[in-house]
Amino acid sequence: MKISVTVNGVDEELEITPNALLADVIRDQLYLSGTHIGCDTSQCGACTVHLNGMAVKACTVLAAQVDGQAVTTIEGIGSPADLHPMQAAFKEHHALQCGFCTPGMIMRGIDLVNNSEVLDEAAIREGLEGNICRCTGYHNIVKAMFNAALEMAPGKTTEQEVV
Amino acid sequence: MSAEQILIWGGGIMYEFKYHKASSLDEAQSLKTNTADGIYLAGGQTLIPTFKQRLAAPSDVIDLAGIEELRGISTSGSVLSIGAMTLHAEVAASTEVRDSIPALAVLAGLIGDAQVRNRGTIGGSVANSDPAADYPAAVVTLNSSVITTQRTIVGTEFFQGLFETALTEGELITRLEFTVPDRCAYAKFPNPASRYAVVGVMIAEYSGKIQVGVTGAAGCAFRALALEDALNSDASSAAIDAVHIDVENFNSDMHASAEYRAQLVRVMAKRALAAL
Amino acid sequence: MSKAVSSAGVSNSGIGASVKRREDVRFITGQGSYVSDVEMQRQTYAVFIRSPHARARILEIDASAALAMPGVLAVLSGAEMAADGIADLPCGWAVVSKDDSPMKVAPHPTMAVDSVNYVGEPLGVVIAESLQIARDAAEQVLVDYEELDAVISLAGAISAEQIYPEIPNNLCYEWALGDEAETNAAFESADHISQLDLSNNRLIPNAMEPRAAVAEFDATNDSYTIYTTSQNPHLERLVLSAFVQLAPEHKLRIIAPDVGGGFGSKIFVYPEETAAAWASKKVSRPVKWTCDRAESFLSDAHGRDHLTRVELALDKQGLFLGLRVKTTANLGAYLSLFASAVPTYLYGTLLAGQYKTPAIYVEVQGVYTNTTPVDAYRGAGRPEATYVVERIVETAARELGIDPAELRRRNFIQPSDFPYETPVALVYDTGNYGASLDKALELARYDSFAERKAEAQSRGKLRGLGFSCYIEACGLAPSQLAMQLGAGVGLFESGEVRVNPTGNVTVFTGSHSHGQGHETTFAQVVSDRLGIDLDSVEIVHGDTGRVEYGLGTYGSRSIAVGGSALVLATDKIISKCKVIVAHLLDSEADLIDFEDGTFTLRDSNQSMDFAEVAAAAYFPATFPEDLEPGLTATAFYDPDNFTFPAGTHICELEIDPDTGVIEIIQFVAVDDFGKVINPMIVEGQVHGGLAQGIGQALLEEAVYDEYGQLQTGSFMDYCMPRADDVPNFVVDTTVTPCTHNPLGVKGCGEAGAIGSPPAVINAVTDAIGIKNISMPATSEKVWRACQQSKSSSGGAV
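Residue numbers (the numbering used here), protein chains in the order written: chain A, 77 to 239; chain B, 1197 to 1472; chain C, 5 to 801.
The set of hints was computed from the structure by calculation and includes no laboratory data.
Since the structure is predicted, the reported quantities are computational estimates derived from the model, not experimental observations.
Backbone N, C-alpha and C define an ideal beta-carbon position, used for all residues, glycine too.
The reader is advised that the hints may include incorrect statements.
FRET-style restraints, in silico, Cβ to Cβ [to be verified]:
1. Leu63/C <-> Glu89/A: 29 to 35 Å
2. Ala1289/B <-> Val86/A: 26 to 32 Å
3. Gln105/A <-> Asn225/C: 29 to 35 Å
4. Gln105/A <-> Leu1421/B: 50 to 56 Å
5. Ile406/C <-> Asp1425/B: 49 to 55 Å
6. Leu1358/B <-> Asp709/C: 39 to 45 Å
7. Pro74/C <-> Ser1219/B: 49 to 55 Å
Next comes chain A alone, as it looks inside the complex (with noise of 0.2 Å):
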């Protein structure tokens, strides 16, 4: 079947199979492999995109259920020489280690700040329970989201800075 999917601001027409998912559209046939698979059963975030601007998790949408509607994956977010804030927030702060949850991560991350009314440490560690972190024990993710947090929108966080 064919679906019509803005991704990464690029209108795209795919000829995809009913039963494929986001996630493998996305990497297979875009070949944009930031989008991560870290597990079968939608709990470790690794593959967390936007979806219409909001953080979903492509292991768990069809493509065929995106037809018609915006997709932005780490990809289009930010490149090297511009990076997105909460991008350059996780370099700073040292929020990655191996790399493999980090898109999803920052997808999230941006999600939390602009979908959050309120972002202090707990907020942060509240939001992050859809996405798992095997190498940073956390502690410097919630850091470069506090931080990226008072760049994208200082009015929404409540404490000082998070150690």
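Following the hints, complete the assembly by docking chains B and C onto the known chain A.
Just chains B and C now, with coordinates in the frame of chain A:
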């Protein structure tokens, strides 16, 4: 054992099926009738993982996302109505819900995780009757009605067992109606791994009468009548402590024994009571 | 060449600087290149057929239906693989039992041939044009099994059904270390004996990137290229060649590109990449395999899984007289690559901890069960040892009414005691355990803990505090010592520094980064030593086709061994530069000084910078015959000893007795890693280790049912620590430089996971007022313990 027993891998590689996006309830139902083994797809947050594990092999998947009348939140008098395809995130953020039954917004905001709440729907959750889902606690507590393509089902009669509901083949939930209580609160004890409810307790008060709904503890959500009786004579923590929680039908698994679940029912009930 | 120097005197990019990671940009922009991102032209897809039974005989495999499906290229069995000359997967460490008999090795075909011995064991593989076809076809392969009684419980394994005819009592070895008579005598003269029965829960590593392989056979020269998720590509090559007999070493190229975490689980050579490579020859097409998470749970080597009785003998003053330990260790169904060493040489040797215990005796029974093989997982043996020592020390302190910090201090090996030879075969080179403890006590505000406990009590909460003063042996390993103890390979490391004609440097290391940040820290070392910009240094790793040799990354060895190799290589470069400069300045090499990237003729104003010398090396217009052109150096560094990171962890937590829910209020870790190359990265390593240790203590456990089915086979049931399960960590360091490597470094990768579990459990038992609780201390267990403690009026259970 037989040679047929086999372990399956290839995560994300589902059985093949046909996909349809229904644009009306009629179309959805007619697809369901006219396909060999069609299945409705709401938000897919449970169903798609099930497909991925190859635990379901539908011939056709009928996506309900294009049916406009299944969406939306409204209040009319003392009734809050939520379309079946309304997302958990929408319920959690809805001014209508927060103004009428704030505990329901809280409950919706505790389901799964943020990404799941951005896809999962109230109708899908309720129709699935997962014993550990959150919404069923509200359905049994909040003098609710489950409105389907065929009829109206009283909330307390909807859940019939583990993954079993009053829905008949092809019948679709179109919306849920909750009667706005005077006061209401929900307390959840999440499974640390899956974040489903090990136990969730909703307490609501209607004209001085307390109602208590429990999810997670047994095969499906239920009203805790003994707790209700106790609280209606003495709305206190001590009254909850004095209630004998019958664990005969309680779930007991590696995540929580029946006895522990009973304790959690008590504690969550106390927390909900305190938050009323 | 200029080098910016901060006011503190530490270069902004050299050794000791928290340089931001150079590898990050590709990861944060989604440009990382993991194995599953590798796409080869005409690639095919592999899906494995795995045993649904914990123990069974394979009677028949009927692949006819699968083979008839369009797009199926092959269904290959373990029997065909064996017939093709693919040998067993080896265990690389020979352990000798206390009666001098060699360990009993269960035959471990790469894919099962006649029998299967754990759920998930591969016995065949389907190769097809697409993953969809491969998966559909795998379901059509009918295997007829004769089920056999399986041995699942570790506690009963020795007296259970015998799994392998040649291995009585399912006992791989009965190993012992230490002086039994002396230890028994110590117990006889003791004033107090403390005793505990402990279990160290079975864990599943769960690196976020599932294992994967993409393999291609090149028939034009009989060679294979295998992309795979490995922590040690050269070791993989060695094993596939020398033991598995896949192909000669020079016909194998192993590439481990970006690897998404390992934690030990990607050290080992597994059936899947081996089968994918072999299958690529059979079908004359590249073969790609990517593990599902469900498959990972069953097929990645698991970790830990010990049952232990520990006894500590003390005198009246609380001085330790003797330690007696008896452990049963689960090895799983087969010996994975380093499985035998983990509960022996990486465990028993660490039982002295930080203490001057004069007599120690340990016995370990390594036992086979019908479960997934168990091997090294972050810490590997050392967390188990630390758990035993720090739980029994805490127990003794409570029983004797001595402050647990004080009891530890009383028994510490003192700075003046180094080098200190323990009764369990190690010589600690240096340390200052009191310094770490003091700093940790201060950071944890230990003095005011009683007030906080009382305040918590007023809120109905139980507050507890627990210590762990751990030591680990890292920097694996001195080859001679390791090989004397049974290691099948030397454990040196190699490094090559290749100076390019324009003065920049390409560095090749046998260490492998799968999150550790070598592209940054190793570049810091080289740029610091050569006095050149960090940006002029590129680090290459993870490709046997590019890197000379290497033994990879595990056991917190990269900087201590791999980094040291680079120091030796840079020293060679500098020496050669001096010869070149001496020639060009018409002087002698020993009159040339080198500092901050500049070579100067002593007592003169003549100098050359590094880039000028590099250019001269490649444009040798006037070189004499005995001066080779070029500027490149390789060094192999074999350490003299292990390194011994040590430190104090203090956990403070609160328990809600109504639910058993634990909240970690504060976690302090003060570690002595020797000198630190990049403090930011070191802190990150500690954070991650702590989360894994806290996960072990509170959340994680692999649970099998009596039939050997894994009950915790997904993230729905196996509880990985999430962001809201762990606190912000308070991390600090003390420094006693390692005495025997050129950087003075000790390694930091495992400390967090080693030190933290006993600190957490000591805090839990302190809070409730009980002697023991098993890991993971789940909310239900804790609630039950609270109930029991309350009903027994708060006394010790």
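Comparing the hints with the structure gives:
For leucine 63/C and glutamate 89/A, the hinted distance range of 29 to 35 Å is not satisfied, since their beta carbons lie about 51 Å from each other. The hinted window of 26 to 32 Å between alanine 1289/B and valine 86/A holds, with their beta carbons roughly 30 Å apart. A hinted range of 29 to 35 Å for the beta carbons of glutamine 105/A and asparagine 225/C is consistent with their spacing of about 34 Å. Look at glutamine 105/A against leucine 1421/B: about 55 Å separates their beta carbons, and that is inside 50 to 56 Å.
About 54 Å separates the C-beta atoms of isoleucine 406/C and aspartate 1425/B, a value consistent with the hinted range of 49 to 55 Å. Remark: the range hint 39 to 45 Å for leucine 1358/B to aspartate 709/C is contradicted by a beta-carbon distance near 20 Å. Checked against the hint of 49 to 55 Å, the pair proline 74/C and serine 1219/B fails, with Cβ atoms roughly 35 Å apart.
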